[in-house]
Amino acid sequence: MQKETDQTAAQETMYQGQLAEEKIYVASQWQLMWWKFRRHKAALVSGVVLIFFYLIAIFCEFLAPFDPHEISEQYVFAPPQGIHFVDEQGFHLRPFVYGLTPGRDPETFRKIFKVDKERKYPIYFLVYGDPYKLWGVFQMDLHLLGLQDRSGTMYLLGADRLGRDLLSRLLYGTRISLSIGLVGITISFILGILIGGASGYYGGLVDLIVQRVIEFIRSMPSIPLWLALSAALPKEWPAIRVYFGITVILSLIGWTGLARVVRGRFLALREEDFVMAARLAGASELRIITRHLVPSFLSHIIASLTLTIPGMILSETSLSFLGLGLRPPVISWGVLLQDAQNIRALAHSPWLLVPGAVIVVVILSFNFLGDGLRDAADPYSR
Amino acid sequence: MLQYIAKRVVYFIPTLLVISVVSYFLIELPPGDYLTSYLAALESRGQMVDPSVIEGLRRRYGLDQPVYMRYLKWTWNLLHGDWGHSFEWNQPVSKLIGDRVLLTFVVSLGTMLFTWIVAFPIAIYSATHQYSVGDYCFSFLGFFGLGIPDFMLALVLLWIAYANFGADLSGLFSEKLVGAPWSLAKVADMLKHLWVPLVVLGTAGTAGLIRTTRANLLDELRKPYVFTARAKGLTERRLLLKYPLRVALNPFISGIGYVLPGLVSGATIISVVLNLPTTGPLLLRALMSQDMYLAGSFIMMLSTLTVIGTLISDILLGWVDPRIRYE
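These protein sequence lines are chains D and W, in that order. In this text, residue positions in the first sequence follow numbering that gives the first Met the number 0: the first is 0, and each later residue adds one. In this text, residue positions in the second sequence follow numbering that gives the first Met the number 0: the first is 0, and each later residue adds one.
FYI, nobody ran anything at the bench for these hints, they're computed from the structure. Treat the hints loosely; a few may be bogus.
Cβ pair distances, simulated, as ranges [to be verified]:
| # | chain 1 | residue 1 | chain 2 | residue 2 | range |
| --- | --- | --- | --- | --- | --- |
| 1 | W | 159 | D | 44 | 24 to 32 Å |
| 2 | D | 68 | W | 7 | 53 to 61 Å |
| 3 | D | 273 | W | 2 | 38 to 46 Å |
| 4 | D | 22 | W | 1 | 57 to 65 Å |
| 5 | D | 273 | W | 27 | 45 to 53 Å |
| 6 | D | 212 | W | 4 | 22 to 30 Å |
| 7 | D | 239 | W | 27 | 47 to 55 Å |
| 8 | D | 68 | W | 245 | 58 to 66 Å |
Selected chain W positions facing chain D (in silico; Cβ < 10 Å) [what the hints assert, rightly or not]:
| # | residue |
| --- | --- |
| 9 | 25 |
| 10 | 108 |
| 11 | 112 |
| 12 | 116 |
| 13 | 150 |
| 14 | 267 |
| 15 | 272 |
| 16 | 279 |
| 17 | 287 |
Glycine included, each C-beta is placed from N, C-alpha and C at the ideal position.
Chain D on its own, in the form it takes in the complex (with noise of 0.2 Å):
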């Protein structure tokens, strides 16, 4: 009897894996993709991650307790504020913060912060506060988190040098300091995959050209181009048009790498046999080129697009970071980092440190991510 069951049960995996095999060859190229892809376990922790910061980006209006550019003198430098559940009373279901008093210290005239523990402050989900335009559109002052009290303050990740909300200063800079890599790796895209697929498809004398023309850009420094660039964007220039002065510069270079590798692709897929099947078939060019070579490198450029978008943050964080960049009032990670290069202000407040941990987690994600994918845009080598 038992030998019986474990037959059966050896026939019916048997079977089961039989499923699965021809559930493999029946699958498109996306399904074969997406089940490579979701072996890679950091690459798929770092996929939640991202879209958990893009939404961050998109919201964070909303997310944001307070009006990031909001100064509040009294509370230059205000540590973070923790969240208790616990005081002497026992446990609260609803959270709460201290209260801060402001004073100096009577030796250096330092400010100091006093955490005064006959004040609490409930935390609310859904509080009306500072009012905002969402997405520039609509008027609101809903935000998620906040006090009813508005005489109190809820620092949960200190005050910078102007006594503003760190923690909405760094949600807002996340949509620019990500966004960024997103406008500038779209121009990117455009740029490689005209000029590479043109390299590619027609050969000859373009290639050369254009091989030349990529080889000399990636022999010119990066950095001190950059710079150069930045400096030279008009100081009068309106917010945004920095902003997209700034992105054409970083996609300047970074179009380079996407083209070399939109032409190998197409060098090594012109003579593959299901191109020459579509050319017999009377497919024209651009059937062939939209409907057969582009699907079939597609996967590969999201990798290499996945991977090029790190070092645009970075980029733009660190032009930032030296002043030539995105300039205050705008708020990007690299202009809040600003304030930590002073490294007397960074000992007594390190939590200006902050946004660095961020970037360390997003750029390390998009790596994962990028490394993921990679490994996914060819289902088909084991």
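Given the coordinates of chain D, work out where chain W should sit on it, guided by the hints.
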């Protein structure tokens, strides 16, 4: 081989020419003519400028001539060792740059050596002990090293040193030796300060190098010739050192080409954070104040360094790996 070198050198010359055009373009890029803005700045400080000096400057830079003439003049002067005149410092550019270039070179070279010394043994260990605990640790550190922006690393180092030990790690010399002439004591002092920029600048490079070398070495180790050699009874040590390692060395060599320019340009940001007396902070200042002759000359020189680095690495690669020559 000679033919290959000759081909590379011939490529070198037009590249330099294009670089000079780009550099000059950068000089001309800011709106308005620099002499005018310079004069405006002087006048706003209440200084009167002698008209004959202005006339002299105007003639010297050929501001009354069309752009291409100015470019030719600039290149011509460059070839004769006249790098132009810094408006902000009121000094010849070559004098301002000289010392800093030397220090930049010292820092870059030191970083390169640091990168190699650290990356080489780790890469071999990781490849020969794939999926061991050590390999995983190094891989994780490598990912971290690539992910953390180097200026962040510098900031964190500075902060930890300052907050815990009250030590100021910035700069390349002790305070009392900054202005002193070169001496043995000053060199020793510099070596003592040098490790901070080396670690900060070298981290990303080391991580990248470990990754590529490890991958290359793993590919090589799976090839049939390795099995043959092992079957013939070669010791593991000799087997590793004799062939696979030599092939896997390529990234080290080609690294030179990227290391030199990469360091020079990467050092720009780090030296601002660490307050190093290298080219970075001066370039940044020149750009901020639109002191374009200084900035243009910097770009020209950094780019030339880049191209020379690539040239050297191309020649070395052709020497180490003959397959490359015949491509």
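Okay, the hints, checked on the actual structure:
no., hint, verdict
1, W:159 - D:44: 24 to 32 Å, "holds (29 Å)"
2, D:68 - W:7: 53 to 61 Å, "holds (55 Å)"
3, D:273 - W:2: 38 to 46 Å, "holds (40 Å)"
4, D:22 - W:1: 57 to 65 Å, "holds (60 Å)"
5, D:273 - W:27: 45 to 53 Å, "holds (51 Å)"
6, D:212 - W:4: 22 to 30 Å, "holds (24 Å)"
7, D:239 - W:27: 47 to 55 Å, "violated (26 Å)"
8, D:68 - W:245: 58 to 66 Å, "holds (60 Å)"
9, 25, "holds (5 Å)"
10, 108, "violated (16 Å)"
11, 112, "violated (21 Å)"
12, 116, "violated (25 Å)"
13, 150, "holds (6 Å)"
14, 267, "holds (5 Å)"
15, 272, "holds (7 Å)"
16, 279, "holds (9 Å)"
17, 287, "holds (7 Å)"
Of the numbered hints given earlier, the model fails hints 7, 10, 11 and 12; all others are met.
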